[in-house]
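Engineer: Here are the chains, one letter per residue:
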Amino acid sequence: DVKVTQSSRYLVKRTGEKVFLECVQDMDHENMFWYRQDPGLGLRLIYFSYDVKMKEKGDIPEGYSVSREKKERFSLILESASTNQTSMYLCASSFGRGGGPQHFGDGTRLSIL
Amino acid sequence: DQQVKQNSPSLSVQEGRISILNCDYTNSMFDYFLWYKKYPAEGPTFLISISSIKDKNEDGRFTVFLNKSAKHLSLHIVPSQPGDSAVYFCAASTVSGGYNKLIFGAGTRLAVHP
Chain A
16 DVKVTQSSRY LVKRTGEKVF LECVQDMDHE NMFWYRQDPG LGLRLIYFSY DVKMKEKGDI
76 PEGYSVSREK KERFSLILES ASTNQTSMYL CASSFGRGGG PQHFGDGTRL SIL
Chain B
156 DQQVKQNSPS LSVQEGRISI LNCDYTNSMF DYFLWYKKYP AEGPTFLISI SSIKDKNEDG
216 RFTVFLNKSA KHLSLHIVPS QPGDSAVYFC AASTVSGGYN KLIFGAGTRL AVHP
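Protein chains in written order, with our numbering: chain A, 16 to 128; chain B, 156 to 269.
Isolated chain B (complex conformation) (with noise of 0.2 angstroms):
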């Protein structure tokens, strides 16, 4: 049972425009989210996290939405340069055995053409 899911394996955008990655979450004990973003051959580097006491966290370009009642998230890129082309992936962090781990989603691929 996935509980992150990234419903869009990909998406296409143009540059300037605006970058709309989703993400929906099945477990209400989730208590903070993040954004990764993978190059190919390189690991994944965080991107920007909210916790859930939170709707709405902005960091320059990037701002991440959480809705709670809807159990979901989304990673909004604004405005989309053709450096942000990369796989973006989805966490939700969650306490096993009195530790955080962090769960991930499939990832979307973006993809940001002139």
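Isolated chain A (complex conformation) (with noise of 0.2 angstroms):
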């Protein structure tokens, strides 16, 4: 079984912090997503990467970085943490470039004070 394994369940921060989510596939996929997910609005792109050093924006980039220096590890970053940035974090990855099933981890819960 695919396992993406996101570093926190849970993280409390404050308004202008710098803020890192990592995840970490075991399953040797190509491709990785982070996405947030808030109420009424679904699962929403961030970021995604589709191979070591390469990034792609989705979405919803503002405010959001990554960085993937190894395939199996992919970070989000949050350069200046703001409060509408609380959210469900989540992060998956894939295989090849088709469009199959994304694999999720179980999510980041973050509030930003």
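Here are the simulated lysine to aspartate or glutamate pairs, EDC-like style, with alpha carbons at most 16 angstroms apart:
#1 B:Lys192 to A:Asp121
#2 A:Lys18 to B:Glu197
#3 A:Lys85 to A:Glu45
#4 B:Lys160 to A:Asp53
Don't read these hints as lab results, they were simulated from the structure.
Make the complex out of the two chains shown on their own, each in a separate frame, by following the hints.
Structural biologist: If you want it as structure tokens, here you go:
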């Protein structure tokens, strides 16, 4: 079974802090994704990566950056956290370039005070 | 603009009956559709998918129907069980920069009661 692990289940930070969310997958998947889930809005794509050191902007990249130094690890960075970034953050991975299913981690609930 | 819409935020069904979850989309270029199920405090898990060249795909109690002319798909769960209570997300696959990405709907919360 694919295992996607997010480093924290719950995180509380203050406005202006730099926040790092970490994600690791163990299935050698090429593609990795970061989403945020908000009530009434579903899952919205922040950034994705299809190879090491490669990244692409998703639909809502503003205020975020990412890093993929190793194939199995994809980090989401909130450069200067703001209260409107309080959300559930979900990491996912998938194989190849097709539109196949993505496998998700259990999420990080981030609160910015 | 929401390209994938789930217009029912919630649905309540009696155990043993059929659950029908609906999803509408606007982009005729979508070529692959997926349903995910999400329990509280867990990530979404893949449930079933359908290619745009088909109109039906079945997997046990779960069947997805696709009506391309209406840009509509639905997930049928028969018979519904209490363990099916979860949030269900519809997703459509699109190509961006040569790579596929998924566009998700807002989700429908299904409650199956005894």
